[in-house]
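Chemist: Generate coordinates for the entire structure from the input sequences, incorporating the hints supplied.
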Amino acid sequence: MIRGWYIGASGMNAQQDKLDTISNNLANVDTTGFKKEIPVSKEFSELLLRRTKADGVLKNPFGSSDVAPIIGKVGLGVETNELYTDFSQGSFKSTDTNTDFALSGKGFFVVQTPAGERFTRNGNFHLGKEGILLTKEGYPLLGENGPVHVADDKFIMNRDGMIYARNDNTVVDRLKIVRFDNERYLKKQGSSLWNTNDIAGNYHIAEGNERPQVLQGYTETSNVNVVNEMVQMIEVNRAYEANQKSVQTEDDMLDTLWSKTVNTQR
1 MIRGWYIGAS
11 GMNAQQDKLD
21 TISNNLANVD
31 TTGFKKEIPV
41 SKEFSELLLR
51 RTKADGVLKN
61 PFGSSDVAPI
71 IGKVGLGVET
81 NELYTDFSQG
91 SFKSTDTNTD
101 FALSGKGFFV
111 VQTPAGERFT
121 RNGNFHLGKE
131 GILLTKEGYP
141 LLGENGPVHV
151 ADDKFIMNRD
161 GMIYARNDNT
171 VVDRLKIVRF
181 DNERYLKKQG
191 SSLWNTNDIA
201 GNYHIAEGNE
211 RPQVLQGYTE
221 TSNVNVVNEM
231 VQMIEVNRAY
241 EANQKSVQTE
251 DDMLDTLWSK
261 TVNTQR
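Mapping of the sequence shown onto this note's numbering: position 113 corresponds to residue 113, and the numbering continues sequentially without gaps.
No lab work stands behind these hints: they were computed from the structure.
Be careful, since some hints might not be right.
[To be verified] Heads up, simulated PhoX-like pairs for lysine-lysine below, C-alpha to C-alpha not over 25 angstroms straight-line:
no., residue 1, residue 2
1, Lys73, Lys245
2, Lys187, Lys136
3, Lys73, Lys42
4, Lys154, Lys93
5, Lys93, Lys188
6, Lys106, Lys129
7, Lys245, Lys260
8, Lys136, Lys106
9, Lys188, Lys42
10, Lys260, Lys129
11, Lys73, Lys93
12, Lys188, Lys136
13, Lys106, Lys42
14, Lys136, Lys93
15, Lys42, Lys245
16, Lys106, Lys93
17, Lys187, Lys42
Note that the structure is a prediction, hence the values are computed from the model and not measured.
Modeler: Structure representation (C-alpha cells):
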C-alpha cells in the first residue's frame with residue numbers, strides 16, 4: 001500500500017509539470033515568435049514479481065526450471081522526461097513597419113548579446129540611435145557582415161534577407177539567418193532567445209531551399225492555440241484529482257489496517 005502513495009504522488013508531480021507548461025504557453029500567447037512547449041512523460045521501469053517460495057513443481061525434470069516463477073509486473077509511477085518544443089510555423093501579423101521581419105520557414109535570426117551570439121524568431125526590431133537594428137532589449141541584429149547598420153527606416157528588404165538603401169538601391173547587408181542540425185535541442189533563455197549546446201550542434205548559414213523567406217513589415221505570432229491549451233488544462237486538472245484520490249484511498253486503507261491490527265493485539 002505504501003507503494004501506492006508513491007505512484008499516486010508521482011502522477012500528481014507529472015500533472016503539475018504539465019499544468020505549469022500549459023500556463024507558460026498561455027502566458028506567452030501574444031509573444032512574438034514564441035514556440036509552445038509540450039511536456040513528455042515516461043514511466044519508471046517496471047518490476048517483475050516472483051513468488052517468494054517455490055511451489056515444489058518441476059515442470060522440466062530433464063533441465064533447469066524456475067521454481068519461483070514470475071507472477072506479474074508492477075509499475076512504479078511516472079515522471080516528466082522532457083519539455084519538447086513545437087517549432088511549427090506561427091501565423092503572420094501585418095505591422096506595416098519596415099523594421100519588423102518574419103521568417104516563413106525554419107531558421108533563426110542572430111543577435112549579439114553580452115554572453116555571445118543568441119538566436120531568435122522574434123522579428124520585432126527597432127532602429128537605434130547609431131543606426132543599428134536592435135531587439136527591444138537592445139541587442140544588435142546581425143547581418144553576414146556584423147551588426148546591421150541602416151541610414152534610416154526607409155530601407156527595403158527582399159525575401160532572401162538582402163537589405164537595400166531606398167535612395168540609391170545599394171546593398172547594405174544580408175541578414176544572418178541560421179539553421180541547426182538538431183534544432184529541437186536548442187535551449188530557451190528568456191526574452192525570446194535561444195542558445196545552442198553540444199546536442200544541437202553549431203549553426204550554419206541557411207542557403208538554398210533550407211533558407212526561410214523573410215517578410216518585411218510582418219511579425220510571426222506564437223503557435224499557441226488557446227482553445228487546445230484550455231482543453232488540456234481541464235484534462236490535467238482531472239488527472240491530478242484522480243491521482244489525489246488514489247493517494248487518499250491508500251491512506252484510508254492503511255489507516256483501517258492499522259486500526260484493525262491494534263484492536264487485534266489488544
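Chemist: When you check the alpha-carbon spacing of lysine 188 and lysine 136, does it fall within 25 angstroms?
Modeler: 17 angstroms, holds
Chemist: Does lysine 136 lie within 25 angstroms of lysine 187 when you go C-alpha to C-alpha?
Modeler: Answer holds: lysine 187 to lysine 136 is near 20 angstroms, not above 25 angstroms.
Chemist: Given the hinted pair lysine 42 and lysine 245, is their alpha-carbon gap at most 25 angstroms?
Modeler: With a Cα-Cα distance of about 21 angstroms, the restraint between lysine 42 and lysine 245 holds, given a limit of 25 angstroms.
Chemist: For a C-alpha distance cap of 25 angstroms, please report whether lysine 106 and lysine 129 respect it.
Modeler: 31 angstroms, violated
Chemist: Given the proposed pairing of lysine 73 with lysine 245, does the C-alpha separation stay at or below 25 angstroms?
Modeler: OK: lysine 73 and lysine 245 at ~23 angstroms, within 25 angstroms.
Chemist: Does the alpha-carbon distance linking lysine 136 and lysine 93 stay inside the 25 angstroms limit?
Modeler: Status holds; Cα separation ~18 angstroms.
Chemist: Given the proposed pairing of lysine 106 with lysine 93, does the C-alpha separation stay at or below 25 angstroms?
Modeler: 17 angstroms, holds
Chemist: Take a quick look at whether lysine 260 and lysine 129 sit within 25 angstroms of each other, Cα to Cα.
Modeler: 80 angstroms, violated
Chemist: Does lysine 245 pair with lysine 260 here, judged by a C-alpha cut-off of 25 angstroms?
Modeler: Answer holds: lysine 245 to lysine 260 is near 23 angstroms, not above 25 angstroms.
Chemist: Hey, lysine 136 versus lysine 106, does the alpha-carbon distance stay inside 25 angstroms?
Modeler: Roughly 22 angstroms separates the two Cα atoms, so the pair holds.
Chemist: Please verify whether lysine 73 and lysine 93 have alpha carbons no more than 25 angstroms apart.
Modeler: 53 angstroms, violated
Chemist: Verify the proposed pairing of lysine 106 with lysine 42, using a straight-line Cα cut of 25 angstroms.
Modeler: At roughly 29 angstroms apart (the allowed maximum being 25 angstroms), lysine 42 and lysine 106 break the hint.
The structure is inconsistent with the numbered hints 6, 10, 11 and 13, although it conforms to all the rest.
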